[in-house]
Amino acid sequence: MSTGKIHHTRWNDRALHLAGFIAAFIVVSGFFAITFDLIKNGTSGLSWEFIIGEVNDSGRSGGIGPVLVSTGMILLSCLVFALPLGFGTALWLSEFSAKTRASKFILAGIDLLASVPSVVFGLFGMVFFCHVMKLGFSITSGGLTLACMILPIIIRTTLIGLQGAPNNLRLGAAALGISRVSTIRHLLMPVAVPGVVVGTTLGISRALAETAALIFTSGYATRWPSGFSDSGRSLSVHIFDLAMNVPGGAARAASSALLLMLALLVINFTATSLADRWLKKSS
Amino acid sequence: MTPPALSIENLSIHYADHLVVSDLSLDIEPKKITAIVGPSGCGKSSLLSTLNRLSDLIPEARVHGKITLNGETDVLDPAIDLLELRRKVGMVFQKPNPFPLSIKRNIELPLKEHGVAKDEIPDRMESTLRQVGLWEEVSERLDKAAQTLSGGQQQRLCIARALALRPEVILFDEPCSALDPVASGKVEDHIAELREQLTVVIVTHNLAQARRISDTAAVFWVRDRVGCIIENGPTKDVFESPTDPDAAAYFSGARG
Numbered sequence: 000m001s002t003g004k005i006h007h008t009r010w011n012d013r014a015l016h017l018a019g020f021i022a023a024f025i026v027v028s029g030f031f032a033i034t035f036d037l038i039k040n041g042t043s044g045l046s047w048e049f050i051i052g053e054v055n056d057s058g059r060s061g062g063i064g065p066v067l068v069s070t071g072m073i074l075l076s077c078l079v080f081a082l083p084l085g086f087g088t089a090l091w092l093s094e095f096s097a098k099t100r101a102s103k104f105i106l107a108g109i110d111l112l113a114s115v116p117s118v119v120f121g122l123f124g125m126v127f128f129c130h131v132m133k134l135g136f137s138i139t140s141g142g143l144t145l146a147c148m149i150l151p152i153i154i155r156t157t158l159i160g161l162q163g164a165p166n167n168l169r170l171g172a173a174a175l176g177i178s179r180v181s182t183i184r185h186l187l188m189p190v191a192v193p194g195v196v197v198g199t200t201l202g203i204s205r206a207l208a209e210t211a212a213l214i215f216t217s218g219y220a221t222r223w224p225s226g227f228s229d230s231g232r233s234l235s236v237h238i239f240d241l242a243m244n245v246p247g248g249a250a251r252a253a254s255s256a257l258l259l260m261l262a263l264l265v266i267n268f269t270a271t272s273l274a275d276r277w278l279k280k281s282s
Numbered sequence: 000m001t002p003p004a005l006s007i008e009n010l011s012i013h014y015a016d017h018l019v020v021s022d023l024s025l026d027i028e029p030k031k032i033t034a035i036v037g038p039s040g041c042g043k044s045s046l047l048s049t050l051n052r053l054s055d056l057i058p059e060a061r062v063h064g065k066i067t068l069n070g071e072t073d074v075l076d077p078a079i080d081l082l083e084l085r086r087k088v089g090m091v092f093q094k095p096n097p098f099p100l101s102i103k104r105n106i107e108l109p110l111k112e113h114g115v116a117k118d119e120i121p122d123r124m125e126s127t128l129r130q131v132g133l134w135e136e137v138s139e140r141l142d143k144a145a146q147t148l149s150g151g152q153q154q155r156l157c158i159a160r161a162l163a164l165r166p167e168v169i170l171f172d173e174p175c176s177a178l179d180p181v182a183s184g185k186v187e188d189h190i191a192e193l194r195e196q197l198t199v200v201i202v203t204h205n206l207a208q209a210r211r212i213s214d215t216a217a218v219f220w221v222r223d224r225v226g227c228i229i230e231n232g233p234t235k236d237v238f239e240s241p242t243d244p245d246a247a248a249y250f251s252g253a254r255g
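Heads up: the sequence lines are chains D and U, in that order.
The numbering of the first sequence is numbering that gives the first Met the number 0, which starts it at 0 and goes up by one.
The numbering of the second sequence is numbering that gives the first Met the number 0, which starts it at 0 and goes up by one.
Bound conformation, chain U alone (with noise of 0.2 Å):
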């Protein structure tokens, strides 16, 4: 049987001296989409940060536990090789952040950085803008500035950039919240093409989107001001026939 991609246990985030999430734990199926949803406030973003370890870039932030990739890289050691650990644990972000330089150094600069042979790096610039859609889009304009395309052009930007390191996990902390509608479709699709190739997580306000493009959910709550998983399992079950009533309550608009 193949480990999980991401295996957490008893995991607590401490920020100073408020405790964020408190002994977590969800295994992460190899190349399916796992969503996370739930209510702001409950640590969802805070438990994507510790996977690819961001949360050292944060002075008060203290996690405790155990985040196994692989079954296993101790993602918590912290004699980790971490700017390795995050070419494996690749992550997009909320907000569209294309690096101030062109269209074609957002791409090269991390692979030359992770020692992609030159002459291999335009391959992998082509392929992975075709794979979100933008090649089409760009090619004629690689030299231009990434601030001039659209937020949703940016966005599929970053994701390319993040998939041409060749990631095994990729984390997306609501990719599409700051997008329109239509560019939130496509960035969708996109993800939701992910599956078979590779782990995907998404942490998603949208229900309907974490019900369209979810293999397996995960409903993250607030138990006495701490954040906890009150509902886990395939997305079908979690979403049509939740144990919880306070997901129950969640999921038909009543509560959340």
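Just chain D, same shape as in the assembly (with noise of 0.2 Å):
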């Protein structure tokens, strides 16, 4: 053919559109695959008894009351925690340090953090946390470990949202006297937010995920917890051992973990819907 090279250029472009189009299947597949199974073997586990009953005979029956419970309570500790500290430091970064050593240092260490395998972090809260600071296997120390380990990503992705702001937005701010606070309220916070809510569902995400981490702790005791001194068992826990540890427990995990990505999509959702409701009444 006296065309040939143009030909063999679309068969090119040809055979990358299907190589993509497959590589997309194949993930999109194995996400179906996964909300399939979990719906065919859990939702016949789904009742109102089985979300609010104790976990009796190891949770072969009665429900998952204390665990949803003892998992809101990490969770809650664990953003208390991670919040605050993770958007000051990115502000501190972002619009304070003016890159001095110090700051390289941190960024440093946050991005070393970010890399440690968390059963290295539940070692870590287990000395830490529960013997050193003398906080026992609680939903404290648990909060507290999975607070240290969802602080590099609040960090992280609140500093390129922040960084994300054109430096003009601040020279224009300075040039007519207004302070670093308004700026950062007013100018940067509206520009920073949707990358603040991705890095708080991200990190929700993964400690909601998270079970090495908790096993040492925040402990596995299946009651209802009296408080935040008391031991706990998330969700996640609670599915590893049904999974591994109690025979016929296969189905009941899959009910667990059915409820733990609904819980996740109405995270996810509540917290895109705030920041949109904010950044609407900010402007």
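I should point out that these hints are in silico values taken from the structure, not numbers from a laboratory.
We put the CB at the ideal spot given by N, CA and C, even for glycine.
One or more hints might be untrue.
Stated by the list, open to error - Derived coverage of chain U by chain D (criterion: at least 3 residues anywhere in the stretch with Cβ under 8 Å from a Cβ of chain D; other residues may be distant):
id: 1; segment: 53 to 62
id: 2; segment: 80 to 89
id: 3; segment: 106 to 120
id: 4; segment: 152 to 164
Got two chains here, separate frames each, mind docking them using the hints?
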């Protein structure tokens, strides 16, 4: 054919197009396979009694009420520490530290922290929060350990959000005699909020999915937690236990996992719509 | 005799180890338009950013010498209230930089920041927008995003935003160079109208513009790789009978 070369390029384009489609198809079908499997095996076990009931016979009967409460309390104690510390650190690094040696050192430490396996955080949490700080095997210990784990995610994403704000915004505000606090509040936050939301939801997802860091710190008691200093089992730990240590627990593990996914969806949706509302209000 | 609006004495500016401007002295007359002209890279904008201490935001910049506002305020005093200094000495940049907020909020935010009473804000907004010829164009859509305005309108909004703070001095850093000729002409007209009202310092590459609107002019040049002033005085004298050969060559288009 006289237009051989052109034809050849077109063939290349098509092959790449097809390869990309196949890759995307595999990824999406994996997601659907997991969801379908959870719905098939988990839906029948879902009921109001399952959601609020006590854990009986290692989880073979009864429900997961105390586990859900413990999970919520662990997440709450995690975010209470991680969010202000994370935002504060990112603000300092982006707006106040001016690329000093100290800020470079801290940033390197944060990136290092992000690559530490969660089981190491668990061991650290057990030694430091449970024993040294004498918090015991408690929901607070678990939450603090998770806070250490998700801090790098929150700091990095907030930092990317803040650094995405153009510098002439800061110069323009300074030239009008607008204080740093107002510049951050009225001009930089609206630009940074989408990043903060992504970081927070990623952090929450990682915290909810965590088992290794929690077994050593908040423990696996299945009773209703009496407070933040009590031990409590998180949903992921419960799923792990049902699937690995409890013969006949597989169906209940699927129901619990389905609930976990639903919870993540709800959190994701709430965070995004809260941020949208805040952005609309501030502009 | 009234003191100069800004008196600059023996000013040097370093960026890290590089000396940008050396031993520079200049008096800026009150309620006049002073143009600063010269080729790129001779420290015109660097000088401008020391007058409102925006140079503080450049980590490696160091400034030595003395700058006095109205014969009384020591601008380079580290303990000075920077927010108040920058209210008194406003600045408009080369690229229009309205905040990503509504037109109204762009003017309201700095006014609130400087404690202007709430019921006074609408009047100030209208009078400054009228002053830059923007009121007729935007009064119906003050709640629209400032980014929806054209480049020239954005720049006039930035001028209004600075004027609303009732500054004593306003610094323009090549305010027209990012605009098309028509928009540039409008902005120039409004700058020219500021004469008699407040002190204007304008850095420009446009010699014809400097000649049209300024009362006094200073020509910057690079000698031994350091920025300095080679010609300075009433605009007419500077442009028509320059004493420095480099300045004369620059005006005739032969150099710079």
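So, going through the hints one by one against the coordinates:
no.	hint	verdict
1	53 to 62	holds (count 3)
2	80 to 89	holds (count 7)
3	106 to 120	holds (count 4)
4	152 to 164	holds (count 4)
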